[in-house]
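Quick note, the sequences are listed as chains A and B, same order. First residue of the first sequence? That's 507 in the numbering used here, and the numbers climb one at a time after it. First residue of the second sequence? That's 507 in the numbering used here, and the numbers climb one at a time after it.
Misleading hints may appear alongside valid ones.
Which copy is meant is left open, because identical chains are indistinguishable; a pair holds if it fits in one copy or across any two.
As the list claims (entries may be wrong) - Calculated pairs, EDC-like style, for lysine to aspartate or glutamate (alpha carbon to alpha carbon, straight line, at most 20 Å):
id	residue 1	residue 2
1	Lys771	Asp727
2	Lys641	Glu529
3	Lys641	Asp737
4	Lys560	Asp671
5	Lys711	Glu750
6	Lys711	Asp727
7	Lys620	Asp731
8	Lys620	Asp741
9	Lys620	Asp774
10	Lys751	Glu782
11	Lys771	Glu529
12	Lys568	Asp631
13	Lys620	Glu551
In short, the hints are calculated from the structure, not lab data.
Number of protein chains: 2
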Amino acid sequence: MMALNSGQCAVNTATLGFQCPIEQSIDAIAAAGFGGIAPWRREVEGQDVPVIAKRIRDAGLKVTGYCRSTYLPSPTRGGLLANIESNRRALEDAAILGAQSLVMVVGGLPAGSKDIAGARSQAADGVAQLLEHGKRLGVKIALEPLHPVYTAERSCVTLLSEALDMCHHIEGSVPEPWLGVCVDVYHVWWDPNLARDIARAGREKRITGFHVCDWLVPTQDVLNDRGMMGDGVIDIPSIRAQVEKAGYKGLTEVEIFSAQNWWMKPVDEILRTCVERLASSV
Amino acid sequence: MMALNSGQCAVNTATLGFQCPIEQSIDAIAAAGFGGIAPWRREVEGQDVPVIAKRIRDAGLKVTGYCRSTYLPSPTRGGLLANIESNRRALEDAAILGAQSLVMVVGGLPAGSKDIAGARSQAADGVAQLLEHGKRLGVKIALEPLHPVYTAERSCVTLLSEALDMCHHIEGSVPEPWLGVCVDVYHVWWDPNLARDIARAGREKRITGFHVCDWLVPTQDVLNDRGMMGDGVIDIPSIRAQVEKAGYKGLTEVEIFSAQNWWMKPVDEILRTCVERLASSV
Numbered sequence: 507m508m509a510l511n512s513g514q515c516a517v518n519t520a521t522l523g524f525q526c527p528i529e530q531s532i533d534a535i536a537a538a539g540f541g542g543i544a545p546w547r548r549e550v551e552g553q554d555v556p557v558i559a560k561r562i563r564d565a566g567l568k569v570t571g572y573c574r575s576t577y578l579p580s581p582t583r584g585g586l587l588a589n590i591e592s593n594r595r596a597l598e599d600a601a602i603l604g605a606q607s608l609v610m611v612v613g614g615l616p617a618g619s620k621d622i623a624g625a626r627s628q629a630a631d632g633v634a635q636l637l638e639h640g641k642r643l644g645v646k647i648a649l650e651p652l653h654p655v656y657t658a659e660r661s662c663v664t665l666l667s668e669a670l671d672m673c674h675h676i677e678g679s680v681p682e683p684w685l686g687v688c689v690d691v692y693h694v695w696w697d698p699n700l701a702r703d704i705a706r707a708g709r710e711k712r713i714t715g716f717h718v719c720d721w722l723v724p725t726q727d728v729l730n731d732r733g734m735m736g737d738g739v740i741d742i743p744s745i746r747a748q749v750e751k752a753g754y755k756g757l758t759e760v761e762i763f764s765a766q767n768w769w770m771k772p773v774d775e776i777l778r779t780c781v782e783r784l785a786s787s788v
Numbered sequence: 507m508m509a510l511n512s513g514q515c516a517v518n519t520a521t522l523g524f525q526c527p528i529e530q531s532i533d534a535i536a537a538a539g540f541g542g543i544a545p546w547r548r549e550v551e552g553q554d555v556p557v558i559a560k561r562i563r564d565a566g567l568k569v570t571g572y573c574r575s576t577y578l579p580s581p582t583r584g585g586l587l588a589n590i591e592s593n594r595r596a597l598e599d600a601a602i603l604g605a606q607s608l609v610m611v612v613g614g615l616p617a618g619s620k621d622i623a624g625a626r627s628q629a630a631d632g633v634a635q636l637l638e639h640g641k642r643l644g645v646k647i648a649l650e651p652l653h654p655v656y657t658a659e660r661s662c663v664t665l666l667s668e669a670l671d672m673c674h675h676i677e678g679s680v681p682e683p684w685l686g687v688c689v690d691v692y693h694v695w696w697d698p699n700l701a702r703d704i705a706r707a708g709r710e711k712r713i714t715g716f717h718v719c720d721w722l723v724p725t726q727d728v729l730n731d732r733g734m735m736g737d738g739v740i741d742i743p744s745i746r747a748q749v750e751k752a753g754y755k756g757l758t759e760v761e762i763f764s765a766q767n768w769w770m771k772p773v774d775e776i777l778r779t780c781v782e783r784l785a786s787s788v
């Protein structure tokens with residue numbers, strides 16, 4: 507398998523720990539030779555979005571995904587509708603940014619609820635209602651199944667197969683090219699059905715994003731102690747090979763939440779290490 | 507659904523935080539009216555096992571499971587064989603204790619390895635080699651799939667379906683009643699295929715243990731911050747109903763790892779709370 511060069515890769519700005527304004531992140535990511543960026547709403551909302559979009563374009567960067575959805579499930583119908591509405595606005599900003607997708611992390615159990623089936627049903631309803639809007643705007647909705655450790659608080663959709671089933675359920679009988687999935691190695695590496703499900707995602711033309719980082723042993727904090735590629739136990743090249751075999755031709759995106767390690771380092775060092783590790787360990 | 511009384515339940519001694527010697531735990535668990543106990547090897551090995559066994563019997567307690575296996579996968583063939591041998595000795599102690607099963611947590615990735623398929627293969631080989639010994643001793647091997655957050659370090663077997671597939675693979679064409687699975691709500695509650703797989707486990711007559719505790723939100727530590735039943739987000743009554751519908755008639759076992767909360771409380775208070783919550787929240 508060919509070593510990845512940074513032009514084939516994107517940087518999710520969370521990897522830089524939100525140390526600097528989005529403008530500086532754009533410039534640093536472009537200067538490091540990357541082909542794309544995945545910005546977060548916290549960096550974009552309330553700013554002049556067309557100006558940010560222009561800066562990204564002028565830097566020659568694609569926008570792989572816009573991060574991320576407002577969690578959908580809510581204890582009330584009104585809450586669900588408000589969450590959908592918030593995601594509509596995110597889709598609009600994603601369109602202005604030229605993002606290929608809105609990264610859809612569907613949310614976990616509503617406060618006080620133990621009804622995971624109900625949460626999944628709300629999530630599917632919400633995504634279904636957003637799909638037309640995304641389609642009109644030219645922004646894919648990319649369902650990202652999260653590791654099961656996040657089920658309660660972040661995503662009731664955990665298995666890749668579950669995300670694919672949800673896509674199928676939402677689209678009904680006509681394939682919907684504006685609905686896809688993200689494959690993030692951190693979330694799926696452990697799944698005994700991973701090879702089967704990546705192949706299925708390819709056949710169903712769903713793979714909209716491929717995210718890399720690593721699972722550290724030990725992990726100090728399941729939220730913010732993700733590893734740089736090569737520092738953990740995930741066989742990333744094997745997963746990359748499966749994703750490519752399944753037909754994915756998009757950018758490989760680095761997304762590392764690392765509050766106590768990488769986020770404390772200078773942005774240039776983080777990016778330089780990403781470039782090295784994308785070549786050596788992905 | 508009928509409220510559980512403590513006679514229908516067992517206490518895994520880890521729930522008591524190993525605050526007292528096994529003899530005192532036996533007496534306290536029996537005094538609280540429980541029907542069974544699940545002791546740990548750390549409490550038993552190096553002791554006079556027949557004496558412990560007699561004390562458990564005299565207290566009128568069943569031994570649901572003996573906790574737990576030595577992790578199987580190893581970087582070396584010799585290491586795997588040593589791990590299997592260690593489990594043989596554990597099966598022998600389990601037999602002396604009159605345990606219904608040895609709880610088999612298969613282990614994660616060997617040190618330095620990223621080969622999860624290899625780890626799974628070693629685990630299956632190891633279990634296969636232990637099965638005859640268990641059978642001869644009258645001790646079931648109860649595969650316990652763990653939550654995927656433990657894949658790297660504790661169990662490369664995560665999904666209930668995966669454990670069932672492994673049983674099937676090991677037994678070959680003749681059903682093997684000495685090979686089963688434990689269903690622990692903490693490990694499986696998030697699985698979108700849980701209902702399907704519990705029903706399958708029932709049809710295949712595999713359910714050898716049913717463990718309860720709760721998933722706290724937030725969880726401070728995925729290893730040792732499990733919750734008392736009712737304090738978290740797992741719909742335990744729903745899972746219990748599925749397990750009973752699948753034909754399970756054994757004891758419901760409380761297993762709570764809670765270093766900063768329950769383990770700091772007096773044993774009698776822990777047991778009293780277990781009795782209450784088994785009646786109200788399971």
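*Give me the numbers of the hints this structure contradicts, sorted from smallest to largest.*
Violated: hints 2, 3, 4, 6, 9, 10, 12, 13.
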